[in-house]
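The primary structure of each chain is shown beneath.
Protein chains: 2
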Amino acid sequence: MTDANALRPLRASAVTEWDLRADVVVAGYGIAGVCAAIEAARAGAEVLILERTGGWGGAAAMAGGFIYLGGGTPLQQALGFEDTPENMETFLLAALGPGVDQAKIADYCRGSVEHYNWLVANGVPFREAFWGEPGWEPPHDEGLMYSGGENAAPFNALAKPAPRGHVPQMADKKIGRKSGGYMLMKPLAETAESLGVRVEYDLRIGRLVVDDDDRVVGVIARRYGKEVAIRAERGLVLATGSFAYHQQMIEGYAPRLIGRPAAAIEEHDGIGIRVAQALGAELAHMDATEVAFFGDPQLLARGILVNGRGQRFIAEDTYPGRIGQATLIQQENQAFLVIDETAYEAGLATETSTPFFRQPPTWAAETVAELEADMGLPELALQATVDCYNLHAASGKDPLLGKKPEWVRPLRGSLAAFDMRGFTAGFTLGGLRTDLDSRVLHVSGAPIPGLYAAGRCTSGLCAGGYVSGASLGDGSFYGRRAGLAAAKN
Amino acid sequence: MTDANALRPLRASAVTEWDLRADVVVAGYGIAGVCAAIEAARAGAEVLILERTGGWGGAAAMAGGFIYLGGGTPLQQALGFEDTPENMETFLLAALGPGVDQAKIADYCRGSVEHYNWLVANGVPFREAFWGEPGWEPPHDEGLMYSGGENAAPFNALAKPAPRGHVPQMADKKIGRKSGGYMLMKPLAETAESLGVRVEYDLRIGRLVVDDDDRVVGVIARRYGKEVAIRAERGLVLATGSFAYHQQMIEGYAPRLIGRPAAAIEEHDGIGIRVAQALGAELAHMDATEVAFFGDPQLLARGILVNGRGQRFIAEDTYPGRIGQATLIQQENQAFLVIDETAYEAGLATETSTPFFRQPPTWAAETVAELEADMGLPELALQATVDCYNLHAASGKDPLLGKKPEWVRPLRGSLAAFDMRGFTAGFTLGGLRTDLDSRVLHVSGAPIPGLYAAGRCTSGLCAGGYVSGASLGDGSFYGRRAGLAAAKN
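Protein chains in written order, with our numbering: chain A, 1 to 489; chain B, 1 to 489.
For reference, chain A alone in the conformation it holds in the complex (with noise of 0.2 Å):
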């Protein structure tokens, strides 16, 4: 990809053979690329998928599965929750700004429950059981779970609180217990394939073909050091995910994220990106991440979460994504949880208290004042914090941050604090400036003529902020539009 014409536009003129055709082809077999290759092969279209792997999954199949859907899903209604459209939307304006593509959120939030049906539809299993206690995913197979903060301040003042975490059932009898991710992409390749949709492995796009008028018609890939010449009759479908492990737009576009790629992202290359970008298309919210946090969110609701300074600056009992961005985004990625005896071994006693992001005391002390010295803080700093979250706390409030009473209690005897500076990790959430039938855009603001995209390559619904099954939730619904779209064309 070094040489100067790689990602340059080929005419089409100068393609003497065409090794493959179909009236849409997808590029990517991940969450996006299945949904597109369903919606355009139901509408008659003869679809083609690209993958470089040698299968289908993508960085969707590694994940946890949760997509985010609401507005009173048939899921949320058996488990007792209420939801509306307009009160989903309300949350997610607040969450994933500023800059949110608000024409984007609306029609997501009123697609919401028609998507949710059309996902089970395909054989996507949600089991009705909810999930309720702090953590990044339900520990058994529930199918819904809180996974955006939207129970927790300042959320929970702005709209009714609903859980729109939903999660496909990580269990089968004939394949084990599997991710969310998987058991989501499983029943969707299956549908895929019995919709005749023809899949070719080991091939990896590069340019891009267009004709005379710039209509894209084709991509040209290698497999193998070969090059393939792929031709697209009605249009050509991106969903090559985001630019995590590309290193230069890492450090160009979201260089908070340098050296920290999210691990399930599968060496995402942004090559979808840039191929369209040679082609003019507009780009949306490139410096914006998803932040992981590597802390036991059963211990974080339990204790507090200081930042370099010593000061408190999160509600401990929200999205621990979000937690994730606030200590990544606005406390340049220093935290420490300190918590007290009582509050510890609760913690840890809980059944979802989360091994794998459990993590040693730092430091264990018998009084603030000396735990405070040990972590190297001034005098002062931490006491101060301790004694005003402790004097709200005896009377169970977090007039600060606005913990939930239920996590409030004053932090007293023996104390210990966690190093978790640099526990974070991340995937990019910025690309291609797509509208609501996923067309790319061009900088002039009109669509790419045989261009569409969706997935982690696009600028979905999230600009600042992120919430659990946003990507997989964008991914899938504009996955589904850009394949209609591309097959209409």
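Because the hints were derived from the structure by calculation, they are not lab data. Treat the hints loosely; a few may be bogus.
What the hints assert, rightly or not - In silico contact screen, one side only, chain A against chain B (beta carbon under 7 Å); selected entries:
{"hint": "1", "residue": "Leu7"}
{"hint": "2", "residue": "Glu133"}
{"hint": "3", "residue": "Pro255"}
{"hint": "4", "residue": "Ala284"}
{"hint": "5", "residue": "Ser444"}
All values derive from a computational prediction rather than experimental measurement. In this text, a Cβ means the ideal position worked out from N, Cα and C, and glycines have one as well.
Given the coordinates of chain A, work out where chain B should sit on it, guided by the hints.
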């Protein structure tokens, strides 16, 4: 600019007649444009500047005029400050990151003394006087000042402090007192015109013109609605400024600036970025923003600045632009200055207290507890902050944030607090990715033939930080490079 073809490159074969032509065409007559024009003309090229307004100046002429220079300039030396390119580089790498263009910073630091001499040789006056008080600009016509927090924590421990804010003398017997930016632009514009550089005013550039090899050979502009085709024989230099006033770009790339573009930016519309994007140009650091903070630095240094939770977050004696960035990006634009009566009076009494930035106190009280309650903060939130500050201030120390001893004194007696929420505004720092010869880079990594850029339509020295003088600095420095490279093309 709303029609689909507005920004799409036009084939040269479609241009029936060229209205204007020159060897080197420069779009924009601000700091980057004038420097490009001078160097191109000196290298023997016929130069034509296209300017959308009716005169020279751009944002530069309305700016304070800082140029960030160092490494041992004659002015630094004459005023007794030691500096080296390496020391300057160490500071800039720490202050402007993460994700800075390291090659550009190294290059800029090594060329800085020569660049100072070039400016002086072209008529830019710098008076041999240093101003060492906190402030945004020198109060008279002093030529040198700290303009990036070099002498404040944490940078004073990382590199040897040296002032690098070089300010053109803000007075002239003939024309009276002007801004430093005006006094920078005036001699350079006179130099350019003395070299035979032609200028066409009231021309707004649009789509670029390319030959069949995708080399840029011209640009289509508009004057009072009429299209004007301009041929650039050797090269086109984009020097059209930031995108601070392009609403969609702000929402999509730098949403923290929604509703708060800095006033001096003269409706920068991002056009240079957009026409190059349409050719597949790579971008960088589109979220990066300079942020002004509308507080009087003489008061800030003497008080404590707290966030919406009553917590200190930055050494109050640092560069106020750094305070602005920290407030907007890390503190959700929440800031309050707390100061006692003695310090307030002392600050106001200084000659250099800045009336423009002075605000009346929002609250006044006899005790911290009372003030805290008036401000609506939870009990002990502000008290805890003041207790910790005062404890250490009694011995002239600030171990929490490293404010210098000269500004550290316990807060005592009557107190006032100033509500500074939302007291920020800024401009954008991201843009086209260019190399050290100011060639615009394609997303493939190779330069786009015939296309050069400098100034705030490019990503220059800054990524996540800013120093006053970085924009006029890299704009002038890489403007020169652009002119030279285009002339030699």
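Agreement of hint A:Leu7 with chain B interface, Cβ distance less than 7 Å: 4 Å, holds
Taking 7 Å as the limit, does the beta-carbon of A:Glu133 come near enough to a beta-carbon in chain B? 27 Å, violated
Residue hint A:Ser444, partner chain B, criterion CB-CB below 7 Å: Interface hint status for A:Ser444: holds (4 Å vs cutoff 7 Å).
Is the shortest C-beta separation between A:Pro255 and chain B less than 7 Å? OK, holds: A:Pro255 within 7 Å of chain B, min 2 Å.
Are A:Ala284 and chain B close enough, Cβ to Cβ, to be under 7 Å, as the hint says? 4 Å, holds
Consistency with the previously given hints fails for number 2 only.
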